[in-house]
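Undergrad: The lines below spell out each chain.
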Amino acid sequence: MAYEEPEAPHGRFSKEPPIVVKGLVNRFGDFTVHDGLDLTVNRGEILGVVGGSGTGKSVMMRSIIGLQKPTAGDIDVLGRRITGVDLDKRIGVRRRWGVLFQGGALFSTLTVGENVEVPLKEFYPDISPQLRREIARFKVLLSGLPEEAALKYPSELSGGMKKRAGLARALALDPELLFLDEPTAGLDPIGAAAFDQQTKDLKETLGLTVFLITHDLDTLYEICDRVAVLADKKVIAVGTIPELLETGHPWIEEYFNGPRGRSAQAAQTREQSD
Amino acid sequence: MQGALTYTLDDDGAGASRLVLEGQLLVSSVGPVEAELDALDPKFSEIDIAAVDEIDTVGAWVVSRLAKRSDCPITGASDTAKHLLDAVADTVSDGDLTPEHVPVWERVPLLLGGKVYQARSGFFGVVSFLGAIILGFANLARHPSRVPIRAVVRQMEMVGVSALPIIGLMSFLIGIVIAQQGAVQLSQFGAETLTVNLVGRITLRELGVLMTAIMVAGRSGSAFAAQIGTMKLTEEVDAMRTIGISPIERLVIPRIIACTFMMIILGFYSSVVGIIGGAVIGQFALGIPFFNFLERIQEVVPLHDVWVGLVKAPVFGLIVALAGCYHGMQVKGNSEEVGLRTTMAVVSAIFAVIVLDAFFAVFFTEVGWG
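The listed protein sequences derive, respectively, from chains G and H. Position 182 of the first sequence, counted from 1, bears residue number 182 in my numbering, the numbering being contiguous throughout. Position 170 of the second sequence, counted from 1, bears residue number 170 in my numbering, the numbering being contiguous throughout.
Extracted from the complex, chain H is given alone in its bound form (with noise of 0.2 Å):
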């Protein structure tokens, strides 16, 4: 077969033999027979390859190493062979090949140690990027030529203006979940026209902000983490820094104030969607007509549900747009850290949006919101 190793093994009557290697020495060559030598008897008293018409240096190496292991001499080699041994010799050494295996018991604790230590130094990251930017703001707030107005409204377009179909669809079709099994439900007691109630308050309440917010959060936080943490890994917010421009002024105030601000009108818009999705079934599967369940929903819903729906959204953008630019900024090293970073943006936004919501929907009753 051409492109083979081959090899034989002469026994040279004083216990040990001799081993000859025949055709290609080459890394395409050297896979299949390189086990089988390495099982051979260790010792041999030459290795012949005058025989081999061609090598490199991974053949170089694995002649090298079978001479090494029985200590034996290499006979036969071309000039380039020569060259190329020389050059492996080159490279010998005993060091470690992989990295040093810790055992289980000693890497669980190790590694909850880190978690630990990681956790006290990641508050003291939170506080200080707080800190910067409330710096950030009152810097703006002195010289306000320095605001970034088109970083602002661009921004606002990506977050907001852009993200329109896409919360309009989704709220649309919870609008109609929502009327359809609530009309299921109270069918029981008799109470479809009940129906408007719960469509209204809880999309004006609740759903309309939060699913925004969790949109927003999926759509605008884990972009706000992917861009900042490549502009980091790209040197660019080092490059900002050095010609004077604050990256917190520049880039992570602008997508905050973006941010805070759509909430409000996307988590309005979303639940007038919804309430449209409702009143659509209303209509067609529960036989209101559509201009009355918008009526009936003024009458029904109290003013204060609108007002707890636009308390909250701009807190949830800000949470949103907070953990996407805190993580962003957390970037360094290679790029599966910007994945990391902004998966974790997103969780830590929505966990948090969540908590909040709960801590809202407690707040608001005992003030008398209910």
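Only chain G is shown next, with the shape it has when bound in the complex (with noise of 0.2 Å):
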């Protein structure tokens, strides 16, 4: 059983941003990982988090979850508050987000078509099995994976199919809020290229609000309506690149100046211009 009381409204049309988060504290013993870090996504962007490595870019993501309780600070996911909520009470916002994890996080011992209808069991058990298995093949297809992958474990696939395949089962309830933690790591540029554009689609037909981290340049020049930098245990600086490049934070200059930064750039520049 869900134990999620049947939440009413899905407020899709609703303005007020889905994640707020106030003076966020992550402490792991000693370690502060997050120091009064404060972040609002607007409602239907696709918010891209940079920062170094151990910045806490997944820390705050699980925070934002509540797979993480954080030390202090508030955070309102889709008008609900999260912080002070036991992990594993009702929260009532988990039927309206997906999330997809680093490695798929697919249940090994299902295949596909019922990694993605697991969720739909759980949370609308009156969806009859046939519709169910309908709806979780046409998830799998939107994902952009083969029908017949439907039917495979998750070990008879590649690292870039369990991430679709996760996609899949993130996307399965239709939600209002989508969590991406790194989706392009470990893909090819092509498949990478196809997973950017298929985000864009997606957030484009469904209305989506999504929370992506990352640490490919090119998705953050493709598609990403704003970025979010991670760095000093806040978010120094929220915007659209040109905007974060004016800060002259060294940091965010080095990000986006370098090497890597300018080949994207330039990749991007080429594009508008055909």
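The set of hints was computed from the structure by calculation and includes no laboratory data. Careful: at least some of the hints might be erroneous.
For lysine-lysine, the following DSSO-like pairs were computed, each having C-alpha atoms within a straight-line distance of at most 30 Å [to be verified]:
1) G:Lys200 / G:Lys22
2) H:Lys43 / H:Lys82
3) G:Lys152 / G:Lys200
4) G:Lys69 / G:Lys203
5) G:Lys152 / G:Lys203
6) G:Lys200 / H:Lys68
7) G:Lys152 / H:Lys68
8) H:Lys43 / H:Lys68
9) G:Lys121 / H:Lys68
10) G:Lys203 / G:Lys121
11) G:Lys69 / G:Lys22
12) G:Lys203 / G:Lys162
13) G:Lys69 / G:Lys233
14) G:Lys203 / H:Lys82
15) H:Lys115 / G:Lys200
16) H:Lys115 / G:Lys152
17) G:Lys22 / G:Lys152
18) H:Lys68 / H:Lys82
19) G:Lys162 / G:Lys200
20) H:Lys332 / G:Lys162
21) G:Lys121 / G:Lys200
22) G:Lys203 / H:Lys115
23) G:Lys234 / G:Lys203
24) H:Lys332 / H:Lys68
25) G:Lys162 / G:Lys121
26) G:Lys234 / G:Lys69
27) G:Lys121 / G:Lys69
28) G:Lys121 / H:Lys82
29) G:Lys152 / H:Lys43
In silico contact screen, one side only, chain G against chain H (beta carbon under 10 Å); selected entries [stated by the list, open to error]:
30) Tyr124
31) Pro125
32) Glu134
33) Ile135
34) Pro154
35) Ser155
36) Gly159
37) Leu173
38) Glu204
39) Thr205
Beta carbons are placed, not taken as given, at the ideal position from N, Cα and C, and that holds for glycine.
These two chains come separately, so use the hints to put the complex back together.
TA: Shown next as structure tokens:
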């Protein structure tokens, strides 16, 4: 049984920001990861989150989806307070978001199709098995996998296919909010570009808000509406890439104007002039 | 009701009807209505979704499915709805949804044949595993500096030292039970003093080693299978190979050495604690003073009983370690396999130990160590 109370309106068209983080503090022993972090994600945007390794991008995401209890601070997701609520207590927003973990985190004893059916079965038991299977299949196709993949087990899939299958499961409930943790890491450039395009398409078709952790500069340039930079235990800047560059922060400069940043930028300029 | 989906049918007078959907066409609301819609007369002339306020891909799928069934147009779609219907239309497929179902009379022979075939490759697997271990030992004998001393010591600690309390407790209780039950039966012949013989011989010859082997199989054999199996899954074993470290030398051999040697000590320790347990019962229930009981043990237990136990112990230890490591190395695929292989390691180790114990019993009697 799902432990969420029936959440009444979907609120797909309400305008309030889906994620509001205020004064987030995360501390592990003596080690402070976040110290007074603030972040607001607007509805219908793709927000890219960047930061060096170990700056706590994943910890921030885990805090927002309620897997990590922050030391202090308030987090509101889809108008509900996440902080101060027991992890497994009813939050009522779980059916309105989808999460793609870094490695896909598929249930290894279920086929891909069954993986996609799990959230449907859990939250909407009144959907008939036949329809549920059909939904699972078109979600698998929507995520860019071939149809046969639905009958395969995760161990039979490549890394990229696992990510797509994870995306299919994250999209199972038609969420309003999608969390992606390094979706293109470990994909070949063609696969990564296709994944980016797909994320953008999904956002446009379904009106999703996407919270995207990435190191992929191409992804940042191609599909992100805004980028949040994590450094010094805080979000030091949020905005479009030109806006970020105006801040003149040395880390941001280095990140976007390093050799890789420049080539990604050039690629985008080329594309726009085409 | 807010958030619900309702439908009405307008008869268009030409034998078909127009389906009008109203409200929210979402994953949260289609469930209850979908079955009713499915059961309706399959001929619609048109599906009107102009009154639908919200729609998502699941809703779009349900509508397009209905439309396809009666081959009718969808009207009144908003821009979002059109977008979604297009997205869903790209994914239409007639492929089979469920894995092929094989009937029982085909499945059983298939399964059986598969097992027989697996038994063959399993046999080859065991033989090549044993071969690899012998080769590993030979390599280590040629390059003694490569012997992973630290790993051996660490395994000895885990298999042997940390097992002392639980094996001690178990043996003590078994000694008590044998002395107590034996005394009850022997007193019928007025032979309570023979309880000493019973406890001494049975713990040193049989139970001390056998129970210890079962305990070690449950404690360490399972741990070997689970540790090595998890390392296989996380590709640690492959990583070792690429660095040039042989997993047999680094993972399997230390466990085999540790388990074989520690079983000798644990088996003997278990017998001794069992005798102490018997002596405690002798003191309190049978009126045989504690130290008299121990002295009598020396007189009535022939020395070859100790040797029988000491010969069996390393063999059992070897079997437990081999079963654990073999099944660990066989893990592939998913996390479920680790659990399966761990169970198999314990079951096959205990089974082999008991079979061999029966063999030893006959053998030692035949050679005159009855």
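Undergrad: Report holds or violated for the interface hint on G:Tyr124, using the least CB-CB distance to chain H and a cut-off of 10 Å.
TA: With Cβ-Cβ at 5 Å, under 10 Å, it holds.
Undergrad: Holds or violated: are the alpha carbons of G:Lys234 and G:Lys69 at most 30 Å from each other?
TA: Cα-Cα ~17 Å, so holds.
Undergrad: Between the alpha carbons of H:Lys43 and H:Lys82, is the straight-line distance 30 Å or under?
TA: Cα-Cα ~22 Å, so holds.
Undergrad: Does G:Lys152 sit within 30 Å of H:Lys115, going by the straight-line distance between their CA atoms?
TA: holds (22 Å)
Undergrad: Please work out if G:Lys121 and H:Lys82 have their alpha carbons no farther apart than 30 Å.
TA: Within the cut-off at roughly 27 Å; holds.
Undergrad: Regarding the pair H:Lys43 and H:Lys68, is the alpha-carbon distance no greater than 30 Å?
TA: holds (11 Å)
Undergrad: Can you confirm whether the C-alpha distance between H:Lys332 and H:Lys68 stays at or below 30 Å?
TA: Violated - the C-alpha atoms of H:Lys68 and H:Lys332 are around 44 Å apart, more than 30 Å.
Undergrad: Is the straight-line distance between the alpha-carbon of G:Lys234 and that of G:Lys203 30 Å or less?
TA: The hint holds at about 27 Å.
Undergrad: Sort out whether G:Lys203 lies within 30 Å of G:Lys69, counting only the CA atoms.
TA: Holds, at roughly 29 Å.
Undergrad: Keeping to a limit of 30 Å between CA atoms, is the pair of H:Lys332 and G:Lys162 held or broken?
TA: holds (17 Å)
Undergrad: Report holds or violated for the interface hint on G:Pro154, using the least CB-CB distance to chain H and a cut-off of 10 Å.
TA: Since chain H brings a Cβ to about 7 Å from G:Pro154, closer than 10 Å, the hint holds.
Undergrad: Let me know if the C-beta of G:Thr205 comes in closer than 10 Å to any C-beta of chain H, holds or violated.
TA: Since the shortest Cβ distance to chain H is 5 Å, the answer is holds.
Hints 15, 17, 22, 24, 29, 36 from the list above are not met by this structure, while the remaining hints are.
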